[in-house]
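Student: Mind docking chains X, G and S with the ligands on chain L? Use the hints.
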Amino acid sequence: MLISEIEEQIVSEFSAFDDWLDKYDMIVEMGKSLPLIDPQYKTDQFIISGCQSKVWLHAALKDGKVHFTADSDAIITKGIVSLLLRVLSEQSPDDIISASLGFVDRIGLKEHLSPTRSNGLTSMIKQMKLYALVFKTKMNQKN
Amino acid sequence: MLISEIEEQIVSEFSAFDDWLDKYDMIVEMGKSLPLIDPQYKTDQFIISGCQSKVWLHAALKDGKVHFTADSDAIITKGIVSLLLRVLSEQSPDDIISASLGFVDRIGLKEHLSPTRSNGLTSMIKQMKLYALVFKTKMNQKN
Amino acid sequence: MSNFPVDKIRSDFPILAQQVYKRPLIYFDNAASTQKPRQVIDAIRHYYEYDNCNIHRGVHYLSVKATEAYEEVRRDVREFVNAKSTREIIFTKGATESLNLVACSFGRRYVQPGDEVITTIMEHHSNFVPWQQMCFERGAKFRVAGINAAGELDVDGLKAQVNEKTRLIALTHVSNVLGTINPIREIIAFAHAHNVPVLIDGAQGVSHLPVDVQELDCDFYCFSGHKMYAPMGIGVLYGKEALLEELPPYQMGGEMIKDVFVDHTTFNELPFKFEAGTPNVEGVMGLGAAIRYLKNIGMENIAAYEADLLKYATVKMSEIEGIRMIGTAKHKASLVSFLLGKIHPYDAGTIIDKLGIAVRTGHHCAMPLIELLQIPGTVRASFAFYNTEAEIDQLVAAILRVKKMFE
Amino acid sequence: MSNFPVDKIRSDFPILAQQVYKRPLIYFDNAASTQKPRQVIDAIRHYYEYDNCNIHRGVHYLSVKATEAYEEVRRDVREFVNAKSTREIIFTKGATESLNLVACSFGRRYVQPGDEVITTIMEHHSNFVPWQQMCFERGAKFRVAGINAAGELDVDGLKAQVNEKTRLIALTHVSNVLGTINPIREIIAFAHAHNVPVLIDGAQGVSHLPVDVQELDCDFYCFSGHKMYAPMGIGVLYGKEALLEELPPYQMGGEMIKDVFVDHTTFNELPFKFEAGTPNVEGVMGLGAAIRYLKNIGMENIAAYEADLLKYATVKMSEIEGIRMIGTAKHKASLVSFLLGKIHPYDAGTIIDKLGIAVRTGHHCAMPLIELLQIPGTVRASFAFYNTEAEIDQLVAAILRVKKMFE
Ligand SMILES: Cc1ncc(COP(=O)(O)O)c(C=O)c1O
Ligand SMILES: Cc1ncc(COP(=O)(O)O)c(C=O)c1O
Numbered sequence: 463m464l465i466s467e468i469e470e471q472i473v474s475e476f477s478a479f480d481d482w483l484d485k486y487d488m489i490v491e492m493g494k495s496l497p498l499i500d501p502q503y504k505t506d507q508f509i510i511s512g513c514q515s516k517v518w519l520h521a522a523l524k525d526g527k528v529h530f531t532a533d534s535d536a537i538i539t540k541g542i543v544s545l546l547l548r549v550l551s552e553q554s555p556d557d558i559i560s561a562s563l564g565f566v567d568r569i570g571l572k573e574h575l576s577p578t579r580s581n582g583l584t585s586m587i588k589q590m591k592l593y594a595l596v597f598k599t600k601m602n603q604k605n
Numbered sequence: 463m464l465i466s467e468i469e470e471q472i473v474s475e476f477s478a479f480d481d482w483l484d485k486y487d488m489i490v491e492m493g494k495s496l497p498l499i500d501p502q503y504k505t506d507q508f509i510i511s512g513c514q515s516k517v518w519l520h521a522a523l524k525d526g527k528v529h530f531t532a533d534s535d536a537i538i539t540k541g542i543v544s545l546l547l548r549v550l551s552e553q554s555p556d557d558i559i560s561a562s563l564g565f566v567d568r569i570g571l572k573e574h575l576s577p578t579r580s581n582g583l584t585s586m587i588k589q590m591k592l593y594a595l596v597f598k599t600k601m602n603q604k605n
Numbered sequence: 212m213s214n215f216p217v218d219k220i221r222s223d224f225p226i227l228a229q230q231v232y233k234r235p236l237i238y239f240d241n242a243a244s245t246q247k248p249r250q251v252i253d254a255i256r257h258y259y260e261y262d263n264c265n266i267h268r269g270v271h272y273l274s275v276k277a278t279e280a281y282e283e284v285r286r287d288v289r290e291f292v293n294a295k296s297t298r299e300i301i302f303t304k305g306a307t308e309s310l311n312l313v314a315c316s317f318g319r320r321y322v323q324p325g326d327e328v329i330t331t332i333m334e335h336h337s338n339f340v341p342w343q344q345m346c347f348e349r350g351a352k353f354r355v356a357g358i359n360a361a362g363e364l365d366v367d368g369l370k371a372q373v374n375e376k377t378r379l380i381a382l383t384h385v386s387n388v389l390g391t392i393n394p395i396r397e398i399i400a401f402a403h404a405h406n407v408p409v410l411i412d413g414a415q416g417v418s419h420l421p422v423d424v425q426e427l428d429c430d431f432y433c434f435s436g437h438k439m440y441a442p443m444g445i446g447v448l449y450g451k452e453a454l455l456e457e458l459p460p461y462q463m464g465g466e467m468i469k470d471v472f473v474d475h476t477t478f479n480e481l482p483f484k485f486e487a488g489t490p491n492v493e494g495v496m497g498l499g500a501a502i503r504y505l506k507n508i509g510m511e512n513i514a515a516y517e518a519d520l521l522k523y524a525t526v527k528m529s530e531i532e533g534i535r536m537i538g539t540a541k542h543k544a545s546l547v548s549f550l551l552g553k554i555h556p557y558d559a560g561t562i563i564d565k566l567g568i569a570v571r572t573g574h575h576c577a578m579p580l581i582e583l584l585q586i587p588g589t590v591r592a593s594f595a596f597y598n599t600e601a602e603i604d605q606l607v608a609a610i611l612r613v614k615k616m617f618e
Numbered sequence: 212m213s214n215f216p217v218d219k220i221r222s223d224f225p226i227l228a229q230q231v232y233k234r235p236l237i238y239f240d241n242a243a244s245t246q247k248p249r250q251v252i253d254a255i256r257h258y259y260e261y262d263n264c265n266i267h268r269g270v271h272y273l274s275v276k277a278t279e280a281y282e283e284v285r286r287d288v289r290e291f292v293n294a295k296s297t298r299e300i301i302f303t304k305g306a307t308e309s310l311n312l313v314a315c316s317f318g319r320r321y322v323q324p325g326d327e328v329i330t331t332i333m334e335h336h337s338n339f340v341p342w343q344q345m346c347f348e349r350g351a352k353f354r355v356a357g358i359n360a361a362g363e364l365d366v367d368g369l370k371a372q373v374n375e376k377t378r379l380i381a382l383t384h385v386s387n388v389l390g391t392i393n394p395i396r397e398i399i400a401f402a403h404a405h406n407v408p409v410l411i412d413g414a415q416g417v418s419h420l421p422v423d424v425q426e427l428d429c430d431f432y433c434f435s436g437h438k439m440y441a442p443m444g445i446g447v448l449y450g451k452e453a454l455l456e457e458l459p460p461y462q463m464g465g466e467m468i469k470d471v472f473v474d475h476t477t478f479n480e481l482p483f484k485f486e487a488g489t490p491n492v493e494g495v496m497g498l499g500a501a502i503r504y505l506k507n508i509g510m511e512n513i514a515a516y517e518a519d520l521l522k523y524a525t526v527k528m529s530e531i532e533g534i535r536m537i538g539t540a541k542h543k544a545s546l547v548s549f550l551l552g553k554i555h556p557y558d559a560g561t562i563i564d565k566l567g568i569a570v571r572t573g574h575h576c577a578m579p580l581i582e583l584l585q586i587p588g589t590v591r592a593s594f595a596f597y598n599t600e601a602e603i604d605q606l607v608a609a610i611l612r613v614k615k616m617f618e
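Chains as they are written, first to last, in our numbering: chain L, 463 to 605; chain X, 463 to 605; chain G, 212 to 618; chain S, 212 to 618.
Hints are not guaranteed to be accurate.
Okay, derived cross-link-like pairs now, DSS-like style, lysine-lysine, Cα gap no bigger than 25 Å in a straight line [unchecked claim]:
# : chain 1 : residue 1 : chain 2 : residue 2
1 : X       : Lys600    : X       : Lys524
2 : X       : Lys572    : G       : Lys276
3 : X       : Lys516    : S       : Lys565
4 : X       : Lys588    : G       : Lys469
5 : S       : Lys614    : X       : Lys494
6 : X       : Lys485    : S       : Lys565
7 : G       : Lys276    : X       : Lys516
Honestly, the hints are just simulated from the structure, not real lab data.
Only a predicted model underlies this, so the values are computations on that prediction, with no experimental measurement involved.
In isolation and in its complexed conformation, chain L is listed as follows (with noise of 0.2 Å):
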């Protein structure tokens, strides 16, 4: 699926929820099932540190898609990686780099995405463009 047919998809199951308690009842669920990260990746090497809940992040490049794996130690924070993996993972560099990411702002997690709040999430984002810059620039030069 496309990046903006995720997002749309996640928009709408949130229009489900008018209070915010429901919301956030589901990011839970959501930070729940997060596949697990393997252990080895979750080390000091691949942490995103932001001031309130550590995040964990690694990528690997399959088929011209890129892997994302996640994890952290709040669980509303592992619930909107969640989130963003679905958006994000399996999908081409290219579409990783130019994804805008609206969704979040549009359920209602906008401050969770604010630069200005220290969560690594927003550190997240940026470092996930970055690893799929790096595949990009790898494609390219081996084509």
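Tutor: Same frame as chain L, but now just chains X, G and S with the ligands:
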């Protein structure tokens, strides 16, 4: 005359003026007529520096009374200096030390003696009292 | 508690009528920054509408008026902490600047290679890193005193670190994470017996407790306006006159200067020697208004009311299953840091916020302490005298909601 | 001039309706500090009534809101001086702190014994003494460029002082005593051709002229909020990102920190690396409001109106017998410094003040310049865009009154 008597005298002289301009005219006149300080004392050693105008002050003890001479490069300062001299010169160290000098406030020139107004006049009074203190100590030692 | 006029006081703070997420704001982030009473806000407005001017060295009406008002507040601050003289009261931009000023000037004057400076593991970064870095730079040893399980300073341990190479002890009056009130008088007396001066970081002290620097006999005491109901951008450094006289100036320019020549410069007297650049006159006016406001209520009354709030919160919150209080010192200021089972502070804080309650989460700029405790941070509710037991009840309800959500 | 909406503008400044000595205030002390429009005063009030909070690292509503507003103003400032990136905009407490920050950090990073730093004889103490003292401390040579009889910088002389040991040129955009606008673009281009970075003290520049740091290509540009219609206690340091990256941090604590351990500390990225302690969020809000206010009028329009005022004042005042204008540069900002025959500036200023006109007298924190000119100081009338020709007429009348009194 007692310090307090001279102060009263000055206050009554100034009460003749309604207009502040006349007051300042009088101060300028007094500034112009301040007896010249002996040039040998108009050196950096005797300077009391404020930001705005320089004041030179010299003191000598004669027959138990302090004799002050002074000068300033600004005329208004010089006028107020001449008032201070009229009040404090030829007085005993003890009287100088305990003088409150409320007249400056009463004749409406308070701002020139405000400790936060960097014009050297506050430091001048401090210096005059310091001289008096030194002379007093000397006199006591002789007894 | 019953006769503390909290309703009247609350009506002085416009922001407390504010709604967040359609709920009345409950503001429990007072250790980070307090709210401002109308009296302070009005003082700022009045200053800009009637008196605004650059001060010192001006001969015109506004300048004289503003200068006098500024120096008047210096007298108010002197009285507020009972310093001996206004020459001991330096206006800075905040506690952090006060602390950096002393670290820099004291370091240059007194700290040589091999010397030692002692601080504690519970310090805010602002009273930790300046000393750490100064010690590195000057080849001195940076020593850190520890705490016990309740979060109380290991006073014996600190005393044991004092030796003939100790140049200074820098410690906080009140911990901004644990709430611990340190036995500073005892430490100061001990230090002085060994000829060691003591700096107190009063950022969390001065808004909660009556402070008397002469009685404490501390050598330096630092605090911020914005944590004591005054505006941001203003702080105070108290220092004993004899010590301040010895320290070289810090920043250059403005009223701290006496005479400038191409080949040298002479500096002004205390307190001006340490006030470089156009001062924050507005901030000083606001600080003056805040001090008058606090004096009006009475620091003793404030301390008593806040002690009651703390007791209430401690009792109510301790009843919550799985709660872990971080900091259970015998002498505590009115804040509670806690963790809920395995729930991450960020998760708890996010939900509590959505319920209209402002608490702070994270390491509270005290990473060495958080590292020592091996926790991911804490959730901190810090109380001011405008808070109420009813608000604490709401916090308890919010915590129960958080537990339900994440457990 | 006729279509500049000065009446409307005056009505934005509450203090201008103020009476002093029963006369309407005429405020000509704008180079010391400007007055604040309602918009700025209201922004401060609004901040404390609705948004006040400590910023960064907070997860709750107010903290996020205040942080976003704070960072928004950083973007406004970036645009105002046309910096490349918000990473180049550091909030300080004022120009003096900005200058001390660079002197300290640049000195530690780049200045070795035998190196040289060049400044000029017309600098404000805040851009003179920090370099002088830093040079003394680091064993570097402190060089001072001169001026000509009109009070214009001796550009050739300055260029001749540049050599392979020159580490930095620090000079003012506009002299606060002479009004001289320095040819900074030319000097910057020359300096860069010799690999020398240039710091511009913009304290008197940014309120009068449109400033584009990329076009100027200056390496640092410093200014104060309170001289550009914003509150006291807030200032800006602009620096090229690559240079700022190289400089060590200045003060320690707060958002400038990344991680703290007992044995070392790592620091945050730009611009936070240089912002220690709780920032003056209020001041930043006020600065934002001031910039919006100035943008609304347009810096080009302000510059043109003020140029007209200066021309008017220069013509009218030159007609006064015995007046001596101090500073007659071809390119001048809107201020006039003068002396009246042998009349002491303090005498003149005292009487002018009593006539309701605020002028500044003395050495204006530029003692090396005053010493060079061998004068006891000057009387300085500095104009803002809320001043009028009618007010200048009053000043002329006041000067005539002074002459009558003292001659
Ligand atoms: C104990 C302590 N010290 C120092 C500081 C620093 O104060 P500021 O950020 O106002 O400079 C704080 C507050 O952040 C604090 O809690
Ligand atoms: C040219 C110049 N530089 C620097 C300063 C210092 O500014 P501040 O006192 O706001 O730090 C001033 C104003 O006093 C100035 O006129």
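Student: Now tell me if each hint is right for this structure.
Tutor: To see whether the hints hold, each was checked on the structure:
1. X:Lys600 / X:Lys524: holds, 13 Å
2. X:Lys572 / G:Lys276: holds, 12 Å
3. X:Lys516 / S:Lys565: Answer holds: lysine 516 of chain X to lysine 565 of chain S is near 22 Å, not above 25 Å.
4. X:Lys588 / G:Lys469: Since the Cα atoms of lysine 588 of chain X and lysine 469 of chain G sit roughly 18 Å apart, the hinted pair holds (cutoff 25 Å).
5. S:Lys614 / X:Lys494: Between lysine 614 of chain S and lysine 494 of chain X the Cα gap is close to 15 Å, so the pair holds against 25 Å.
6. X:Lys485 / S:Lys565: Holds, at roughly 12 Å.
7. G:Lys276 / X:Lys516: holds, 23 Å
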